[in-house]
Structure formats: structure tokens, C-alpha cells
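*Asks:* For the record, the sequence lines run as chains A and B.
Positions 290 to 1050 (the numbering used here) are the ones given, in order, by the first sequence.
Positions 20 to 441 (the numbering used here) are the ones given, in order, by the second sequence.
Where hints are given, some of them may not hold.
Derived lysine to aspartate or glutamate pairs resembling EDC-like cross-links, with alpha carbons at most 20 Å apart [to be verified]: (1) B:Lys30 <-> A:Asp748; (2) B:Lys270 <-> A:Glu745; (3) B:Lys30 <-> A:Glu745; (4) B:Lys23 <-> A:Glu739; (5) B:Lys161 <-> B:Glu71; (6) B:Lys209 <-> A:Asp748.
It is worth saying that the hints were derived from the structure and are not from the lab.
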Amino acid sequence: MKVRQSMADLLSALKKNDNIAHWHTIPEQKAKMTPFPEYMHTKLRAALERKGISSLYSHQAEAMEAAKAGKDMVAVTPTASGKTLCYNLPVLQSLIEDDTCRALYLFPTKALAQDQKSEMNELIDEMGIPLKSYTYDGDTPGQIRQKIRHAGHVVITNPDMLHSAILPHHTKWVSLFENLSFIVIDELHTYRGVFGSHVANVIRRLKRICAFYGSDPAFICTSATIANPREHAVRLTGRQMHLIDNNGAPSVRKHFLFYNPPVVNQALNVRRSATLEVRNLAKDFLKNGIQTIVFARSRVRVELLLSYLQSINKGRTERAAVRAYRGGYLPSERRAIEKGLRNGEIMGVVSTNALELGVDIGQLQVCIMTGYPGSVASTWQQAGRAGRRQDEAVIILVASSSPLDQYITQHPDYFFDRNPEEARINPDNLIILVDHIKCAAYELPFNEEETFDGVEIQDICQFLNDQDVLHFQAGKWFWMNDAFPATNISLRSASQENVVIIDQTVQGNVKVIGEMDRFSAMTMLHEEAIYLHQGEQYQVEELDWEEKKAYVRQVDVNYYTDANLAVQLDVLDVDQENPNAINSYDAAYGEVVVRALPTLFKKIRFETHENIGWGPISLPEEVIHTSSAWISFSADLVDQFGKENFEQALMGLSNVLRHAAPLFVMCDPVDLSVVPKIKATHNEQPTIFIYDKYPGGIGLSEKLYDMMPQLLQEVKRMIGRCPCSSGCPSCIGTEGEGNLGVKSLILKLLKDRQKDESMCR
Amino acid sequence: MSLKKQLERYKTHLSRDTNGLTQEKPAIQKDTDKQNIYDKELLFAAENLGAEIKTFDGQFVLVRTEQFSLSERLGPYSFACLFDVVAEWQKDRAPHPLSAYNRRAEELLFFDTETTGLESGAGHMIFLIGWAKVTREGVTLKQYFLPGPGHEAAFYHHFLTDCHSLSNLVTFNGKAFDWPRVKTRHQFVKDQVPKLPAFGHFDLLHASRRLWKSRLESTRLQMIEKEILGINRDGDIPGHMAPFLYFQFLKQPNAALVEGVLKHNLDDIKTLITLYVHLSCKILRPFDADERELFEIGRWHQSLRNDQKAIETFEQLLGSQSLLGSQAKKSLAALYKKRGRYKEALSLYEECIREGKMRDPALYIEAAKLLEHQFKDIEHALHYTKEALQELGRMQVLLKEKQETEKEKILHRYERLKAKRI
Chain A
290 MKVRQSMADL LSALKKNDNI AHWHTIPEQK AKMTPFPEYM HTKLRAALER
340 KGISSLYSHQ AEAMEAAKAG KDMVAVTPTA SGKTLCYNLP VLQSLIEDDT
390 CRALYLFPTK ALAQDQKSEM NELIDEMGIP LKSYTYDGDT PGQIRQKIRH
440 AGHVVITNPD MLHSAILPHH TKWVSLFENL SFIVIDELHT YRGVFGSHVA
490 NVIRRLKRIC AFYGSDPAFI CTSATIANPR EHAVRLTGRQ MHLIDNNGAP
540 SVRKHFLFYN PPVVNQALNV RRSATLEVRN LAKDFLKNGI QTIVFARSRV
590 RVELLLSYLQ SINKGRTERA AVRAYRGGYL PSERRAIEKG LRNGEIMGVV
640 STNALELGVD IGQLQVCIMT GYPGSVASTW QQAGRAGRRQ DEAVIILVAS
690 SSPLDQYITQ HPDYFFDRNP EEARINPDNL IILVDHIKCA AYELPFNEEE
740 TFDGVEIQDI CQFLNDQDVL HFQAGKWFWM NDAFPATNIS LRSASQENVV
790 IIDQTVQGNV KVIGEMDRFS AMTMLHEEAI YLHQGEQYQV EELDWEEKKA
840 YVRQVDVNYY TDANLAVQLD VLDVDQENPN AINSYDAAYG EVVVRALPTL
890 FKKIRFETHE NIGWGPISLP EEVIHTSSAW ISFSADLVDQ FGKENFEQAL
940 MGLSNVLRHA APLFVMCDPV DLSVVPKIKA THNEQPTIFI YDKYPGGIGL
990 SEKLYDMMPQ LLQEVKRMIG RCPCSSGCPS CIGTEGEGNL GVKSLILKLL
1040 KDRQKDESMC R
Chain B
20 MSLKKQLERY KTHLSRDTNG LTQEKPAIQK DTDKQNIYDK ELLFAAENLG
70 AEIKTFDGQF VLVRTEQFSL SERLGPYSFA CLFDVVAEWQ KDRAPHPLSA
120 YNRRAEELLF FDTETTGLES GAGHMIFLIG WAKVTREGVT LKQYFLPGPG
170 HEAAFYHHFL TDCHSLSNLV TFNGKAFDWP RVKTRHQFVK DQVPKLPAFG
220 HFDLLHASRR LWKSRLESTR LQMIEKEILG INRDGDIPGH MAPFLYFQFL
270 KQPNAALVEG VLKHNLDDIK TLITLYVHLS CKILRPFDAD ERELFEIGRW
320 HQSLRNDQKA IETFEQLLGS QSLLGSQAKK SLAALYKKRG RYKEALSLYE
370 ECIREGKMRD PALYIEAAKL LEHQFKDIEH ALHYTKEALQ ELGRMQVLLK
420 EKQETEKEKI LHRYERLKAK RI
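With the hints as constraints, model all of the structure from the sequences given.
*Replies:* Structure, rendered in C-alpha cells:
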């Protein structure tokens, strides 16, 4: 007979586990409570009391104070700390005092908006006051849209809807815009990169429309923990922000464990699959009736883990005790999972990062992450899911073989000591800005002296005038085109025009299986390319470059394809330069033009890596203008190292940089590109460029330029601490070759200038 | 780097939705000389268009007025016929969307606009409003042309001052298209111009769709004009070109660019008068209508719950031997039944069944219902229910599921009747 093990038993077993690389304990925190403020309306107070709330957490109380003083604010709060009350309390208080007031809530997804509506309506029902809150999104039926426009006190929507449906039709929303008192932006940290830069401009447009109708709403933002919440909120809203970061919610004692799977291939430094390790770890908890959430980075992983974990249990009901949770679930399904977790019917949940956002599934006892989630900020978000009731909580981060995961696991201090990453946006990216100037001019003509929330725009208007989009008359720029600008502008697509991948394996069931940015498509979706999608091989049969469509068919072959891309990089302007005597490199930041032309591709056999054929690629050259940071080395070093060695060192360094950059800015690896040049055209020196992949740049490379010394310091540490001897796929990307060993070459390359006289020029 | 230089550099990334008519051209200079030249050219254009310039608040609008004789014919009617149909509507108190009961012909305002785009968003303007009024002196047609986007206050001021009532607009899809746009743009100048009066309207698109959808490939005004009214327009500028011509005009105010657009708008409005007369004739004097029109008019009355009118209309199809005749009989039978004329209803259903033109189990079911409940003739009711089943079996089915539920319902009825017989 099996005896159930308790949490304490399991913890002591884990203590003996050799694979635990680090054990960090976070002490328990007591709640910081504040009584309801005097001025809080009695009905609101009563409603809260009926819901079992008799006082406020310190951050909630501060939010009410700040709102009362008319301040714009951003509240930084961890998962499950009652952050919704930070905005619902001030908003409801105002609505009770004056029911002509209106509030606009923005959430990044429809699902979150739905959740909020339910929560808001529950509170309103408790108060027994006829206030109306509605979601307004693509799913809202036509009949009630008009009602929402006229009578919705709280309109809950997403930035996309605001951009394409509300702002361009503002004349139908007069009662909202005339009386708008609050704009609530939840999950502020999700508005970063290209998406965030777009959203910042949508907010500029929103403020402009409010001004037109004579309202001046206050902003209430909430964000997960990021390094720069106030700065980010300021940049996104263009307002000065009061920062609330005195989280008063209690938390239990938490054990944060780094788990590094054992090495299975010493030479390649490959470790056992994180997925399998996670399965075993999760199994131990689930078997003993301890509620566990498992995070995986892709939907496929989620499916895989789900079937592993379900197979622990035989019977049907037991199998149902482990559930998957992915984006795209219906509210009713989510409610069912939440309920199941509360009443204990559901033991485990396997999720993608969908649950990173504030969806309210409550907290569980154990959180297991399959691989480093990619940023310190998301790691803490996911970790926040563990910590229920009085029990101790366990968080296990299971590392994969990737350089970043390995780095984090081997540098626990680095993780625990550092601030989360910064969220970066660049609302003034010219391409994004021009897009929104168009939309704004469509909504309301620009005056001759007008700025776009402080941004000079007369030149842009003149440009659009010359493009026959705007027309200048009587001191104003008017929209004068038959197009509806918002339809052509998507807030979420990273690249302007992606290539759609269409699977035509089954006739009559042709389907889109993915998309890829144009740049990557040139080398990965050219005709005859073997494209891997969720572990399946597909061959590209046709690439319609005009229409941006790649037609693929499933195949089973024993080779992969590798395309050569000739990348030409020219520096157009140097904006900042930092030649220094200490380091062996000069760093700079500026504008570049990248020209890429695919030349040919090779077919390479899997096991032997032999070249078994090739073909030409005929695609036009792609050109993007963007911003870039770069570091240049003295050309003398090439001779000193030997050309071949130097090339390898430069390539290896580029590869490490590619992995290290996300430690400093919150971004996806696809947002940045790293290109080494043995002889850059502008200075004829060996140079590594790190550029923003989005035309015009979104501020990533700019930030990296600022932090270049720290970035290269991390690079050195990453290489230095990797246990391989001369370089491995986990650090420099390839197996080290040559006598010297690429690792030491790179370290030599980054050596301080003073220490090596010969490097001085 | 200057923004201008940057704009030039990023041009390829930026020119996404500029249209095909884009041309390189020198930048507009904002100095007053340029403005004066433009104003002069505009005056000249107004003269060429035969429009007078009316000012308001430093802005202006081009207003064109044209008179037509009542005896002028367009298609089958002269404009004077409007008085006849309006007079006829007075004899008919039954509500109908096209009824001019309690209104004078002079109160009808035939109305159409041209816009800078088809979207309903805030940024598309109306640049031409035209309306016509028919009085004993003749037809007066007025057009208000917006000389540039900065003149909307003058544009709406003069239009709204001239027409204080907009409660009898006659339009082609005005409720969904023209009127929302008037409301949207009015929002921008509401502080300067009169309030929008209450809106009431006769939608000729809706009426045309009802009557002629089945015979026309589209119910666009030009199509109806040509196919139904027999009017041929020469050298018409297609409506979708209007925005582009207007954009050109804004750059170079040359009357020739927009003459065609004004003509198009004028022709559309004149057609609205003829179309209103024609539709009214069809409804008021159904004997002029063909079978399909009669049937559709009957159905329209039926949907308006004007049973008496519907019965009268369908009865005119009783002599018809076509499929449409059978369909009319079926509708008529239902109306008879509603009024308690069971015998007539039953005999119509039976006639339809005998004719065999419609393959519809509902005919048998309806007959069975009447037999069971009104005539207590269970035997016959059973007979028809059985027939209904067979009929259902003979039908070509697209939706299997639907057929199954239908079948179950009939079987249920059958069992119930059988039980009742015993």
C-alpha cells in the first residue's frame, strides 16, 4: 500500500537530489493592511464587506489616495495581490459620486477583458447601483454596440479595438469621450517592443480625441514587476506617473529551486531533456495530491507534458485531474478549471505563458517551469502562481541545454540579485509614428501648430500631403484619401508584412500553419527548402513572393537545407560613439541599412553532415533601414590572431551576444539580429552589429549600446563559466575547433586594452 | 538627422496605402499669394459650374440651383406624375414605408450625397449634397459643393438653413449610408451651424430590393434605372471615381474635373423622383405589376401585417398557372386561415397539391391541420400526413439533419392522429 508523502517529505527528498543546482528560500511576508479610508462611499464599503474584505492592502489604499488627488499612477504588483482593486476602487468611488463619469479599461487580450467584466459586475451588483460595464470587442453583438456607446459607464476593450473601431468612429462615442474620467491600462508590461510602440501612439490618439471633446482623464496603470515601471508608463502614456510599489499582500515562505538535468553527452555538453525531468518532478507532487502548475514554452510542449502526466492516472476521472491551459480558451472553460482547482477536483494544470497574465485561477502549491521563461520578469510572474494559503510553496526552474538557461542556472545570484528587465518601446519610430499620424488625421484634422503629444509633425504632414494622403487647407491638414487607414495597420504584427505558410499536403484541406517575417523567409522558405514545423518536415513547393505566401507539403527526408545569405550592412549615420582607451573595442550606435540577398542553398544529410546537393535561390534583395549598436575591433587583431581564428572568434562572440542580449532588454530573439563583419564598410574594421529587426528600430539596440560594457561583461562570464573546454553549442554555438580553442580567443578579444600593449593603436 | 531626410530614407517602408493616382508634385506653399491664386481659380471654377458662392464665417460653399419643367419626362413618367401618386396615397390610410399619406408632394426631399470614401469613419467627408423638391412651379434641384475640407461650416450652414425639415427624405440607402455620414460630419461643426432636424425617410433601395432582387444581378441605382425604368445615361462618371476626381480638384480647382460628378449626382436625384413614382404606382395600382412584382408586393404587405392588402394582392394571382401562382395560393391560404376562412384555405392548399408545382410537405401538413382541427376529418388528415411523409422523401435534401427532425415531427403527428381515430 502506498503512503502519501507530505510536502515536507518531498522537500527533504529534493534536498538530497544532486541535480538541484541552487536552493533559495524566500521568507514569508505578512500582509500590510490599512483600514478603509473615511471618504469611501458606504455602498462600496458594504459591498466589499459582503465579499469578505474588511480593510485594504497598503498598495490598494495608496491607489485610492492617489486617484483622489487626481494623479496618474502606475501600480506594480505581483501575481494574485488584489491589483484589480487598485483601479476598480477609485473608478467605482467616482462613479457612485457622479454617474455621468465614464471609464475606459484596456486589456491586452479579450479573455482578460471578459474576466474583468465579470469581476466588475459582481462588485456593482453587490452595491446595488445601476452602473453598466460592458466589454466592447470583436465578439460584441451589433445590437448592443449602440447601447454601450451611449450608456456604458465602464467600457472594457483592447488596444486593437480602440485603434480600429472606437477612435476612427469617435463621433459615435460622444458621451464616452465627453465624460471620460479614467483610463485604466492593465498588464502594462505586455505593451513593449513593436506592439507597445504602436499602443503608445494609440494612446496619443486617444488623448487627442479626449481633448477634442473636452475631457482630461486620469491614467491608472498596473504592471508586473519590471525594471522600469514608471519610465515605461511615462513613455507609454506621455504623463508623469505616481509609482505605487509598496505591495501589501501577504505571501507564504517559498522555496525557489534551480534544477539542472544531468549531462548526457559530455563532448557536446548536452543535458537530459527538461521536459522529461519536469514530468518526473511533477509526478511526485501530483501523486501525493499537491496542486501543481507546470509551465512550458510552446503549445506542443504543453500537449506533450499533458499526455505524460495524464498517463500517471488510469481512470477517466483521474485523468481529468490534470488539465491543459492555453491561450484561446473560452471563459466557460476557464471558469471550470478555476472551480476545479478551488474544490480540489483538478490537481494539475499545464500551461503556456497564457497564465502569466492576470487571469484569475488563484494560486497553487507548486510551480514548475520547463526551461527559463526568457526573462526575469516572466519568471517571477510564473513563480507567483505558487503560494497558496498557509502552506509553504515550491518553485522549480528546470533548465534546458540552451546557453541562457545554463547561464541562469549557474549564476543564481545573477538571477536573484538583479532587477527584472526593462520594457522598451519607441513610440517615435518613424514608420509606426507615420502610421498613427495617418489614423489621427483621419480622426481629426491637424492644426498647423499642433504637435502629436509633443512630437513635431509638420514635416510628416507635408510628406503625407505629397503622398496624396493629407490635404492642407485653411491652416489644417485634412485626411483626403478614400482609404480607411486603421485597417491597414495592425498593432501586433512585428514585421510589416509576414509570409504566410500554407500546408497543401491534403487536398481539400489546405491550411495556414504559420507565418514568418520576410527576412527569415528568404533563407527558410525559399523554394525546395525543408521547413520544420512542430517536428514535422515540410518542403516548400512554391514561394509567391509578391503575395507573400509559401506553399508547403509534408515530406520525410534525411536532410535539411541551409541557405547562404549575403548581408551587406552600411552605416548611414553615427548618432553616438564611445571610443575608449580601456576596452579593446569601440562601441557606437546609429542608423544602418541592411541589404540581404539569398544566393544559394545546400542540402545537408542529417547524421554525416555531408553536402548532398545545392540549388540557387532567386529572390529580390531585401532592404531595411533600422537602428543598430555595434562594436569594432582593431584591424591589427586579424593578423595577430590569424584570419581563420579571428573569424571563428568573431562568429562565436556574435552567437553569445545573441543569447546575452535578452538579459538586458525584454524582447523575443527574433526582434534582434546580430551580424559579424570582418571588415565593416564604414570603418574597415572587424565589427559586430546588433540591430533592431523592425524597420526604424524600437529602442532595443539603443539600450544595448548604453549597456555595452555590462553586456560584454556578461558575455565573458557566460563563456568563462561554461564547463566545456574549447566552446560548445551551449555557449559559442558550435563545437570549438583549432588548437587555441575559440573560447580563449573570444576572451582574448575582449581583454582590456591596457593589459595588452600590442592592442593599442 | 532631419526628419525630412529620414522620411525620404524610409519612403519605401512608408508608402503602403497610397493609391495608384499618386503623382510627384511640388509641396504646397502656405503663403497668402498662393492662397489668393487658389481662391481666384475657385471663383472661376464656380462660374464654370454655374454655381454661386455663398459665404459664412469666412468660409464658403458653392451652391448650384437648377429648375426643370414639370412636363419633363424621365423614363416612363413626367415629374408632374408625383402629384398624382401623392394624391393617391391620400386615399390609403394603411401604413406603408413608401406611403405619402398626410404629406404634400412639395414636402418630399429627394436627397443624395457624394463622399470622399465609402467607410463610415470620422475621416471621410461629404463633399456634395444634392436635393430636389417638386412644386407646382416645377422641379427645383439644389447642389451644395464643398470647395475644400476647411469649409464644412459654410457647407452645412447653408444646406441646413435652406432645408429646415429633413423628415421626408427620399433616398437610395440613405438611412444606412448618407444620413450617418451627415451626422458624423455635423459633429465637427455643430457649434457653428444649425442643429440637425429630425430624420425621416423613404428608402427606395429597400423597396427596389423587395420587388426586383430576383431579376437583377444587382440592385444598384444605375442598374434599376436601366433595366426597370428604361433610362439611358450618356457619359456618366461612375460613382466610385468621385473621390479621386474631387481630390484632383482640391489640388487644382478646375471645373472640368468635377462637372461630371455634379452631373452624376443630379441625375441620381432626378432618377429618385421617377423611381418613387414608379414604386408608388406598383403598390397603389397593382394591376400594372407583373406576377413577380405582385407576389413580392403581397409578401411586403403581409410582413407589414396589412392582411387585407396582402389578400387583395395575392388574389390577383389566383388565375396564374405558374409556380408563382401556387406560391401565392399558399400564402393566401395562410391568410384565409388566419381570418377564419377555413374552407377557402383548405381548397387553396388542395389546389396547390393538385397542381403539383411546389414540392413542399408543408402544404399537406397545413391541409391536415385544417382537416383535423376545423373539419374534424381525421381520416383525411391522416391521408395528407402520409402524403407529407412521401413528399419529404421525394425532396432533394441539402441538410440531412433538418430533414430528420422534420420527419420526426410528421411521424409524431401521424401517430397522434392514428390514436385519435380510435
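*Asks:* Measure nothing beyond the straight line between the CA atoms of Lys23 (chain B) and Glu739 (chain A); if it is 20 Å or shorter, mark the hint as holding.
*Replies:* holds (18 Å)
*Asks:* Are the Cα positions of Lys209 (chain B) and Asp748 (chain A) separated by 20 Å at most?
*Replies:* violated (31 Å)
*Asks:* Is the hinted pair Lys30 (chain B) and Glu745 (chain A) satisfied, with a Cα-Cα distance of at most 20 Å?
*Replies:* holds (18 Å)
*Asks:* If you draw a straight line from the CA of Lys270 (chain B) to the CA of Glu745 (chain A), is it 20 Å or shorter?
*Replies:* The given pair, whose Cα atoms are some 25 Å apart, is violated under the 20 Å limit.
*Asks:* Lys161 (chain B) and Glu71 (chain B) were given as a pair; does the straight-line alpha-carbon distance stay at or below 20 Å?
*Replies:* Holds, at roughly 11 Å.
*Asks:* Does Lys30 (chain B) pair with Asp748 (chain A) here, judged by a C-alpha cut-off of 20 Å?
*Replies:* holds (13 Å)
Comparing the model with each earlier hint shows violations of hints 2 and 6; every other hint is respected.
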